[in-house]
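Can you build the whole structure from these sequences, using the hints too?
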Amino acid sequence: MLFFSYFKELVGKEVTVELKNDLAIRGTLHSVDQYLNIKLENIKVVDEGKYPHMLSVRNCFIRGSVVRYVQLPPDGVDVDILHDATRREARGS
Amino acid sequence: MSFAGPEDILLSTSLASYLDKKLLVLLRDGRKLLGILRSFDQFANVVLEGACERVIVGDLFCDIPLGLYVIRGENVVLIGELDSEREELPAHMICVSVPEIKRAQKAEREATDLKGSMRKRMEFLDLD
Chain W
1 MLFFSYFKEL VGKEVTVELK NDLAIRGTLH SVDQYLNIKL ENIKVVDEGK YPHMLSVRNC
61 FIRGSVVRYV QLPPDGVDVD ILHDATRREA RGS
Chain A
1 MSFAGPEDIL LSTSLASYLD KKLLVLLRDG RKLLGILRSF DQFANVVLEG ACERVIVGDL
61 FCDIPLGLYV IRGENVVLIG ELDSEREELP AHMICVSVPE IKRAQKAERE ATDLKGSMRK
121 RMEFLDLD
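Those protein sequences? They're chains W and A, same order as listed.
If you count the first sequence from 1, position 39 lands on 39 in UniProt numbering, and the numbers rise without skipping.
If you count the second sequence from 1, position 60 lands on 60 in UniProt numbering, and the numbers rise without skipping.
It is worth saying that the hints were derived from the structure and are not from the lab.
Treat the hints loosely; a few may be bogus.
Result set (DSS-like, lysine-lysine): computed pairs, CA atoms no more than 27 Å apart in a straight line [claimed, not checked]:
#	chain 1	residue 1	chain 2	residue 2
1	W	13	A	115
2	A	115	W	20
3	W	13	A	106
4	A	22	W	50
5	A	21	W	44
6	W	13	A	120
7	A	102	W	50
Fair warning: this is a prediction, and the values are worked out from it, not measured in the lab.
Take a look at the structure:
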C-alpha cells in the first residue's frame, strides 16, 4: 500500500516509465492503482524513431507487471516523509 | 481495477475510459495489435473487436486482419489510445501486402539469426 499511496502523491507530475522491454515513456502521471498499473497522459516516447507505431498515442495505460523503473523529478520526492512512512510500515507489519 | 476508497474514485486507473475506442495494444512478445476495446477486467484481460496486427519491418508495414480477439492480461504491456488527429505512422513508411511483409519478416529473422551465429563463432576468439 505504501507505494500506491506514494504514487498517488505524484499524480500530475512528469515521470519517465521504463518498461521491461526497454521502452521508455515520459508523460504526466494521470492515475495509479493497487497493482501499480499506471496511466500516463501527453506521452513522449524516448527514442521515438525506434517505435514508429507509438506516433499517434497520446495517452496510455501501462500494466504494473511490465514496469522496470519509474524515474521521478529529483524535487518530486520528499525523502523524509517517505522514510517515516517506510519506518511506520516496517514497524506495523 | 482497484478497491478504491471514496477519495480514490476520481483516481482509478480504469480501462473504462478506453471502451469503444480504437487502441494500440503492445504484447510481451513484441506484437502490436490494433482494435476497438469492447471489454476488460481487473487482470487487464481485454476484448478487441476488428483486431489487426501491425507488422513493421524497417520502413515497410502491413495490417493483418485478425477479427475478434480475447487477450490474456499477463501478455499485455501497454494499451495506448490512438489520437485520431495525428498520423498513426510516420509518412515515409510504406504499406505493403501480407505476403510481402511476411517475406520481409523472414529476411529480418534470418539476418538476426546469421548475426547471432556469427557472433557465437567469433566469441571463442576472445577478441575484446
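Practice task
Starting from residue 115(A), check that the Cα of residue 20(W) is at most 27 Å away, please.
Solution key: holds, 24 Å
Exercise for the section: Measure nothing beyond the straight line between the CA atoms of residue 13(W) and residue 120(A); if it is 27 Å or shorter, mark the hint as holding. Expected result: With Cα atoms ~45 Å apart, residue 13(W) and residue 120(A) exceed 27 Å; violated.
Exercise for the section: Would you mind confirming whether the straight-line C-alpha gap from residue 13(W) to residue 106(A) stays at or under 27 Å? Expected result: violated, 43 Å
Problem - Distance restraint between residue 22(A) and residue 50(W), which requires alpha-carbon spacing of 27 Å or less - result: Within the cut-off at roughly 22 Å; holds.
Exercise for the section: Quickly compare the C-alpha distance for residue 21(A) and residue 44(W) to 27 Å and report which way the hint goes. Expected result: holds, 21 Å
Practice task
Assess, step by step, whether the Cα of residue 13(W) is no farther than 27 Å from the Cα of residue 115(A), and give holds or violated.
Solution key: violated, 42 Å
Handout entry: 27 Å limit on alpha-carbon distance, applied to hinted pair residue 102(A) and residue 50(W)
Key = Holds: residue 102(A) and residue 50(W) sit about 20 Å apart, inside 27 Å.
Hint violations for this structure: numbers 1, 3, 6, all remaining hints satisfied.
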